[in-house]
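Protein chains in written order, with numbering that gives the first Met the number 0: chain A, 0 to 234; chain B, 0 to 234.
No lab work stands behind these hints, which were simulated from the structure alone.
Some hints here could point you the wrong way.
According to the in silico footprint, chain B covers these stretches of chain A (three or more CB under 8 Å from chain B) [said to hold, decoys possible]:
1) 57–70
2) 154–165
A partial selection of chain B residues facing chain A, derived with a Cβ cut-off under 8 Å [stated by the list, open to error]:
3) T132
4) V197
5) S198
Each residue gets a CB set at the ideal place from its N, CA and C atoms; glycine is no exception.
2 protein chains.
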Amino acid sequence: MELLLLSNSTMPGEAFFTWPRPYVSAFLSGRKRVAFVPFAAAEAQQDAYTDRVAEVFAEFGVELFSLHKEKDPVGALSGADAVAVGGGNTFLLLRALYRTQLIKAITGAVKNGMPYIGWSAGSNVAGPTIMTTNDMPIVEVPTMRAMHLVPFQINPHYTEATIPGHGGEGRDQRIAEFMSVEPKMPVVGLREGSLLHVSGGIMRLEGQGMKVFRSGQEAKEMSGGAVIPPSLVGI
Amino acid sequence: MELLLLSNSTMPGEAFFTWPRPYVSAFLSGRKRVAFVPFAAAEAQQDAYTDRVAEVFAEFGVELFSLHKEKDPVGALSGADAVAVGGGNTFLLLRALYRTQLIKAITGAVKNGMPYIGWSAGSNVAGPTIMTTNDMPIVEVPTMRAMHLVPFQINPHYTEATIPGHGGEGRDQRIAEFMSVEPKMPVVGLREGSLLHVSGGIMRLEGQGMKVFRSGQEAKEMSGGAVIPPSLVGI
């Protein structure tokens, strides 16, 4: 499999999709047509979102077409050289992936070699479930099971920071709650400005870094550039 | 209906369940046995959680017994003078309410006059759905529909604040996402240190205040002590 799983598209204060450009450009080298999945955005915003991403991808010499405009999105996917799944709300995204049956089609295509790029919600759905999303559950989903392209849960936008003077749970506490019900499942907290790159059976971390949570073990911090040992993330 | 819906049990830096004591004490005046619902806590923590809450409620002269220790929780509920639903993870709570069939039993009892106290997750489930929870969706639920004791969504621990330098969505953006798919449903952002008290057909806000979100309207700030006009929250 060829995967590029980004924590986020854009750093606070930077222009849209700035930090990941060199990684995405290299990942898509030689690819011509990318199918875009904008379903994490609200329906009224999907056209504009597609335009915005298409503009960035055009700089890599890639033509982006969006599956939300296709009558037969599953059929249209097969004409693509790669698939990109955008961020937004993970529940909106997963609901649409089931409604369109793209979940099965994308999973199959990627397991057969189609390169997959996801950011934020688009990285969440690459894990076994969306149970470690940060998003509000604004719509019902048939199940929280997702694509299971990697055998660990992803928590994008990972940070230890909390809102000063606020009593709501911090991220580590939320992940610990998840692990109390799913103790065998590793969770990767992917910091903003970070990505996981899977290619040729090797997984590499790039950017700001990540923290790996495994039940009964101390969380393990890893830095950009690291090759991820399979044992660490349950592979 | 007699409802006391708290944003949170405890302010940051204060001892457990400090700020709401006078309100809860007055609300339970004359009640002897309170059924406690600790299912928002992880299973291993439900005993300790019950003990902690029982200690506080004993100061109000109330005996608290927990439904997680009952073989027949629905039957045990009928022997209570009031019901209290604690905070923790809203998905854990809702899953258990369906598994035990307490969701129907509590809804029925409260509509027939049994006083209901909820905090955090326990307030969330008093709304039509849990779609405006802040919690991580760590387990599957059969549906996100909840008790619908009030006709608006509750967002507990409401704040406009965000984590400095972090790109994740703020609360207002999350609530706006929800309203983009459910435009007819009002959302009440209940600030920490605040509660809604429903009694004799009147709803009153106490404490730090709240913000009411209605689609197509500017969000409306309300202060503690206010009587809530029915039109504002869809009643």
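Right, here's what the structure says about each hint:
1. By the rule of at least three residues with a Cβ nearer than 8 Å to a Cβ of chain B, the coverage given for the region 57–70 of chain A is violated, with 0 such residues.
2. Coverage of the region 154–165 of chain A by chain B holds [criterion: at least 3 residues with CB-CB distance below 8 Å; count 8].
3. For T132 of chain B, the interface hint holds, the least distance from its beta-carbon to any beta-carbon of chain A being 7 Å, beneath 8 Å.
4. Taken as an interface hint, V197 of chain B does not check out: its beta carbon lies about 24 Å from the nearest beta carbon of chain A, beyond 8 Å.
5. Because the smallest distance between the Cβ of S198 of chain B and any Cβ of chain A comes to about 26 Å, over 8 Å, the interface hint for this residue is violated.
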